[in-house]
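First to last, the protein sequences are chains X and L. For the first sequence, the tail end lands on 125 under the working numbering, and the numbers increase by one without skipping. For the second sequence, the tail end lands on 1485 under the working numbering, and the numbers increase by one without skipping.
It is worth saying that the hints were derived from the structure and are not from the lab. Note that the structure is predicted; figures quoted are calculated from it, not measured. Take the hints with a grain of salt, since some may be wrong.
[Claimed, not checked] Lysine-lysine pairs mimicking DSBU-like chemistry, simulated, CA-CA at most 30 Å apart:
(1) L:Lys933 with L:Lys1116
(2) X:Lys(-2) with L:Lys1371
(3) L:Lys1116 with X:Lys92
(4) L:Lys1409 with X:Lys121
(5) X:Lys24 with L:Lys1245
(6) X:Lys(-1) with L:Lys1382
(7) X:Lys(-2) with X:Lys92
(8) L:Lys1116 with X:Lys24
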Amino acid sequence: MAEKKIRVLVGKIGLDGHDRGAKVIAQAFKDAGMEVIYTGLRQTPEKIVETAIQEDVQVVGLSILSGAHMQLLPPVCELLRSQGAGDILVIAGGVIPKEDISFLKQAGVAEVFTPGTPTGLIINFVKDHLS
Amino acid sequence: MFKDEKMQELKEKMAAWEQSLQKSLEKRPERKPDFKTDSYIPVETVYTPLDLEDFDYLEQLGLPGEYPFTRGVQSNLYRGRLFTMRQYAGFGSAEETNKRFRYLLEQGQTGLSIAFDLPTQIGYDSDHSLARGEVGKVGVAIDSLKDMEILFDQIPLDQVTTSMTINSPAAIILAMYLAMAEAQGVDLKQLGGTIQNDILKEYVARGTYIFPPEPSMRLITDIFAYCGEKVPSWNTISISGYHIREAGSTAVQEIAFTLANGIAYVDTAIKAGMDVDQFGPRLSFFFNAHQNFFEEIAKFRAARRIWAKIMKERFGAKNPRSMMLRFHTQTAGCSLTAQQPMVNIMRVAFQALSACLGGTQSLHTNSYDEALALPSEHAVLMALRTQQVVGYELGVTDTVDPLGGSYFVERLTDQIEAQVFNYIDQIDKLGGAVRAIEQGFMQKEIQQSAYEYQKEVESNQRVVIGVNKFVVQQDDPTDLLKMDPTVAERQEEKLKKLREERQGQQVAETLKKLRSAAQTDENLMPLILDAVKAYATIGEICDVLREVFGEFQQQVLL
């Protein structure tokens, strides 16, 4: 029997319109055999969580380059937990200063990928965590 | 251009040379299987007059300041005045950005360029729920004319020109600027500056849209008509390829999609009853200076020639000023690395040089720490100094279009032009830029190029120093710009105070008039100006327009 495909939500959270990275990683996930749900721009934490649960994904990948990560990423993790979906892996990417990363990890973001990260490394991270 | 018998002789010599080249390649094989530009145009070992056999100097280049403007839009270019040194800046509140502006002007910057925060760009007040976390982050928060007055405190508007990166709410921000200029006693006929006002590339690549295409295009042509009459020196639009390139396009796609969008604006304005020579001279452009040095220079030259042909041949412009493509350039943000960030200073310098050799009218040089955070003050100063070195020290500004006549650059310019016209034909067949965007054509092309680029980096076919070659472990710089966490709170307080102090009745009346005019095809600029002067906020004005126009729904493509 074929292995069940990993389902990933890739989303742009906040008002930020820079979607190059989100689209590149979404395509890379697809090429790596995953099923990808791409939300497009301007998602709120509430909307991301709603879609993640509806689409029954195992991974939520959020891209943010506007600097609003400290305000917008923790609510995603909180909402997932409060809706009984705390097992969904949350990862983030974008222009995120190193000093903010430990706070985000405490809030429940499993990993933060900063500029220059190869897509292969992110794919392996997801696969390792789900196996 | 060259004598027939000399060309014949060259052809023979070239054939022999190619044979000897083949032999030497056995001993000195090439370091890559093929050489190509960022737009995948093959690059040959050497270029000679044989590459320009049918070259017609007057037709393809002309003289500086003359059709088709390949060599530049001014006859003496930088010998008269250097490119305007214009650093895009804005963060936090109007108070903080005012300080940064005055600092930059003291350091010799010659024009201002405002970065607005995302809520402002999308027409939400700082206290809107969707503004959460975004207030004052990627730019300055402007809620009302009050903030604009603080932003320009002690900056005389008759002595600087200001460029404003504002699109969907461009009419509102422009109205604020005009109201302020009037209050300073500046003659609007003399007022110089630019609003980006380019909605089409927002749908394609930048994402700060509010309204659907049709009412958005109407707001744009309202601005063309209003400024044509009242603010004749204002650049009413800056048709932008910058963000298309940042989103991952090639150089050819950058020019093709930008000029296709330009065609759509001209078409719309003509359909609205305007004469092409009435608004044509006020159109301006904005491009990216990326890494592939010669291709970038050729790109700028090709863009000028193509636009001149479009305006003359397609739209029948008579005034040469309508045919001149004047442009601002910013170095490529997406080429900056978080790894070994000081190396970015070098990247920026070479990109700035290419923009200068391409004949840009104004220039923004990026700061080396921008892959890590918003730029710190000393990084901004380094960036400004970089373009000052290019402008003042290298001598490259002493003659016009110094690379004109280079066999390589002319050949590349021709090749880019041909490929751009191919794209424009394709877009015409789809029904023009608006339809092409609705069908996702440009978006898909850009996405594909972005993905190819990433794959090339990851397979080491494309070298990025510090990322896939010469990698070292290094800590991030510790002196990054820290945002004041109280900005949002301070904006909210200011808004509260504003709503108490202004004449509520007057606000309501101006908004009501705007609502009814939006339902007709009356020019909205005077009504927006009235609302702004009554201190209606950007969120209130945009809400009225949202009610009438509706909101754009992004088509999600992958």
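Hints, one by one, checked against the model:
no. : hint                     : in the structure
1   : L:Lys933 with L:Lys1116  : violated, 56 Å
2   : X:Lys(-2) with L:Lys1371 : holds, 29 Å
3   : L:Lys1116 with X:Lys92   : violated, 49 Å
4   : L:Lys1409 with X:Lys121  : violated, 35 Å
5   : X:Lys24 with L:Lys1245   : violated, 52 Å
6   : X:Lys(-1) with L:Lys1382 : holds, 23 Å
7   : X:Lys(-2) with X:Lys92   : violated, 35 Å
8   : L:Lys1116 with X:Lys24   : violated, 55 Å
The structure is inconsistent with the numbered hints 1, 3, 4, 5, 7, 8, although it conforms to all the rest.
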